[in-house]
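Chains A and B supply the protein sequences, listed in that same order. Going by our numbering, the first residue of the first sequence is number 1, and it counts up by one from there. Going by our numbering, the first residue of the second sequence is number 454, and it counts up by one from there.
Worth double-checking, as some hints may not be accurate.
[What the hints assert, rightly or not] Below, simulated DSS-like cross-link-like pairs (lysine-lysine); rule was C-alpha separation at most 25 Å, straight line: (1) Lys-592(B) with Lys-535(B); (2) Lys-591(B) with Lys-535(B); (3) Lys-541(B) with Lys-78(A); (4) Lys-591(B) with Lys-567(B); (5) Lys-567(B) with Lys-541(B); (6) Lys-78(A) with Lys-591(B).
[Said to hold, decoys possible] Here are some chain A residues pointing at chain B (derived, C-beta under 8 Å): (7) Met-26; (8) Ile-28; (9) Trp-30; (10) Ala-36; (11) Gln-41; (12) Val-46; (13) Leu-82; (14) Tyr-200; (15) Val-317; (16) Asp-327; (17) Ile-368; (18) Pro-384; (19) Asp-385.
Worth flagging that the hints you see were computed from the coordinates, not collected in a lab. Please read these numbers as outputs of a predicted model, since none were measured by experiment. Positions of the beta carbon are idealized from the N, C-alpha and C atoms, including for glycine.
These are the residues of each chain, in order.
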Amino acid sequence: MSNLSLTSAIPNLIKAVPRSRNFEAMLIFWVSGIHAFALAQIQLSVLQVMTWDMLLYWAPPTLAAMIVHWVLRRYAIKADGLMLPLAFLLNGLGIAMIYRLDLAELANGGNDLFAMRQVWLSCFAMLIAAIVIRVIPDHLTLRRFPFVAGLAAVVLLLLPAAPVIGRTVNGATLWVGTGELSFQPGEIAKILLAIFFAGYLVSRQGSLAEIGSRVLGVRVPRAKDLGPILLFWLASLGVLVVQRDLGTSILYFGLFLVMIYTATGRGFYVAAGLVMMVTGALVASRFFGYVESRFDSWLDPFNSANYNAAGGSYQLVQGLFGMANGDVIGTGLGGGFPQLIPLAESDFIFAALGEELGLAGVFVILSIYLLLVYRGLRIANSHPDDFSKLLALGLAFVIGLQVFVVAGGVMGLLPLTGLTTPFLAAGGSSLLANWSIIALLLIISDSSLRSNR
Amino acid sequence: MSELALFLVRIGFVAVLWIFVLSLLSVIRADLYGRRVISKLAKQSAPQLAKAASGSDLPIDDSDSFEPTMIQMLTGRSAGSKIDLGNKREIMIGRAASSDLVISDEFASNMHAKLVLVGEEWVLQDLNSTNGTFLDGKKVTTPVTMTAGATIRIGTTTFDLR
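The following block holds chain A by itself, in its conformation from the complex:
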């Protein structure tokens, strides 16, 4: 009798720890090995010896990722198993590249170092993600406060333009800070905006999709329903004017268009939005000097006038030369000259990785992003609730659009913008925001599987 109950209990024991969590643990182990490999390769080719310093850059992020994994096991056991290892892999590659740039800086006698900071900021961001997973048991509570989230986003966006705490770096007013500490509130604002759009659109999707008068065979929504899209277009142009940042306004408007299209399923919004965006960009390029110079550098980077201009195409061209030097398989970590690219540790980390890992490496990094965004879209697709669907889609899209705009900018396909490369680039605000996005997606995927059972 006891024998029988023992054997029948086995399937339940296996079920208690879903495959995805054990799989995730294995992947984290693997990723941490890749991270160690990268650091070892860098030390061997730059310093010719391996030193114990490596542990300082390797152990803290691995520990932090394990803590997030443990919190998932405790509080969100059914969450997606691939997102954490994928984000951790990108984070680790970023740290390795920044460490490599630090070694080059030290060799040149400089002391403008970023890697140690990046290590601790990554750990901090991962711990915040763990706390988000622990504290928000049910993301549907977020649905109750769309307007609070929207208002908070606007306040955060306007904060850098405020006196005293506002800061302007490289011509863009995106930072707030005192003394050594600085923060980009816009990074957090994008999460709040996704929550606001999801909440607002879920309550209005019917009237936005169905009601309206026909003009030339196209159903145009009522002014009352169309109001927000116009308002939002003006707001994102406002960001462009006040903060002087092209990337942020493209990101917010793109997020809005994708979410309204998903909520209503109507191409009209996308068509109208794209026309408005292109018109806005063309007008801006005529009237704002900084947009115009960005466009000139983009269209004709090798022109010596653009190349020599202050804030001209010098950085872009250095990046292109670097990637050309990398060829197909790259120079190997520590084998190239990524330190010659200005801001290689933040805005141009993609070009630095392109030089040292080559085309094969760039493709693999883009595939990692693709997998990450794909998992996000899958979470959106499989969730039964509309608010969760929209929120997951918006959050996944934010990561995807950032990668597209940054990689396109670095490769000369799009005008250069001030957006950050998620998880790779040096910078605390960006890490914090992107790890929080991962935490929210994990919560949503957990609740999706719970409600289906």
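Once you have looked at the hints, place chain B on chain A.
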């Protein structure tokens, strides 16, 4: 370190990254093509078809043994998706996020209708909804027993049990 060793390390690193990504693709393959399920229907229908072909006059009972395992959404916002009935004995249907079957339809009430397992039959009951629940086009006023192929409509959303 020799040039050759460095070269191997450099190739090795990119290769390890690729192996990592490609191994994840095997997980995703299951997403795209679905896990292999041995079709219960295919197994059962084969002998039945054989019987029908041999001219046997044994009736194929379908109304008595209607044991649905899932809800198939036919039209509406989540058309095409399937909801597993699992071991549930009651399915709340409505716009509320707490419903077992969430219907995002302008014409659905928060708690619109429910399906209850009575004995071995699923019974559909309207919960005094604003716009009504329809079974095969007829408005549901008193609880009705579900039969195979009967379609439930709420607003513009339709689904059936199978």
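* What hint numbers does the structure not satisfy? -> 6, 7, 8, 10, 12, 14, 15 and 16
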